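Novice: So the sequences go chain by chain: A and B.
In case it helps, the working numbering puts the first sequence at residues 1 to 103.
In case it helps, the working numbering puts the second sequence at residues 1 to 183.
Keep in mind the hints are simulated off the structure, nothing from the lab.
What you were told as hints is all true, and nothing was included just to trick you.
Think about it this way: if two alpha-carbon atoms lie no more than 20 Å apart in a straight line, the pair counts; the simulated SDA-like pairs of lysine to any residue are:
id	chain 1	residue 1	chain 2	residue 2
1	A	K27	B	L100
2	B	K99	A	L29
3	B	K34	A	I32
4	A	K58	B	I140
5	B	K149	A	Y64
6	A	K58	B	P155
7	A	K58	B	L55
8	B	K149	A	E60
9	B	K99	A	D96
10	A	K58	B	L154
11	A	K91	B	V173
12	A	K27	B	Q97
13	A	K58	B	Q123
14	A	K58	B	E148
15	B	K93	A	I32
16	B	K34	A	N92
17	B	K93	A	D96
18	A	K58	B	V135
19	A	K91	B	T175
20	B	K149	A	F67
21	A	K27	B	V101
22	A	K58	B	Y150
23	A	K58	B	F60
24	B	K149	A	L54
25	A	K58	B	T139
26	A	K27	B	I104
27	B	K93	A	I24
28	A	K27	B	K99
29	A	K58	B	Q151
30	A	K91	B	L82
31	A	K58	B	L54
32	B	K99	A	L14
33	B	K98	A	L29
34	B	K93	A	N92
35	B	K99	A	I24
36	A	K58	B	T57
37	B	K149	A	P56
38	B	K149	A	E57
The structure presented is a predicted model; accordingly, all values stated were derived computationally and were not measured.
One letter stands for each residue in the lines below.
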Amino acid sequence: MNVPVEFYLVLSTLLFFIGVYGFIVRKNLIGILMSIELILNAVNINFVVFNRFLFPEKLEGYMYGLFVIIVAAAETAVAIAIIINVYRNMKNIDVDSIKELKN
Amino acid sequence: MEFLTAYLTANNIIFFILAAIILVFGFLSVTTTKILRAATYLFFVLFAIAGLYLLLTYEFIAAVQLSVYAGGIVVLLVFAILLVKNLGEETEKVSCQKKLVSAIAAISGVVISLVTLFGFGFQNNESADELTANVNMETIGHTLMGVEKYQYLLPFEAASVFLLACIIGSVVVATNLKKEDKK
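Extracted from the complex, chain A is given alone in its bound form (with noise of 0.2 Å):
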């Protein structure tokens, strides 16, 4: 016997939060990425699962994990790349002490 859907949504639910928890309270860019990466993930659980519980013969929530995975990396990659640019002209990574694009 499987388990259960539910279960696997709550647990979803319960990561996406701790992942909005994450991305409010960290003020360090890499922890913000950090938590974006576990909201993604808690997303792409949903997906994976709905397409498991729903509708196990056709590959829709599959594919859709699958591409949700490239954007993460690309975005990741990206998201590293302006931050170690930040740090480099402004020898800081805090969101709170990156405010030259605000004039």
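We have chain A; now place chain B onto it with these hints.
Specialist: Using the frame of chain A, we list chain B on its own:
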């Protein structure tokens, strides 16, 4: 007692172990003050999520999760941390007020989502229980490379162009252009 025996199947036990790993290390990863430890805890979370995909009999996406997330993204993050910060340096302390506000936001979100989720009344699909054979690579290949309905050649090609754009973009951003401006 009947409730216990109904829920103590092998699948459920594995699921609960994986769920405990995901939630505990996920929580540690957003609350720890040392950023390198946070990256390590994130690594454990990603590993356990790959285990969850294996439990759903989706081996290919578990392998992708392991190679792209655990093998690629975490290594990138660790590189960035080592380039940017001194090893093991503590981040700034967060004020209690900010923690409280974020916790209220997160908990209210959890409550709203769970109320909606349990109000929906999911019925477990019996055919999903019977489908124990995993998706084989041939099916996945045809699904990725076909142009008919439920086949995904266009997103596949879009993803390849997207990745190329990301490579060029990150090289341009990470190269320091200021020195050339000064010349």
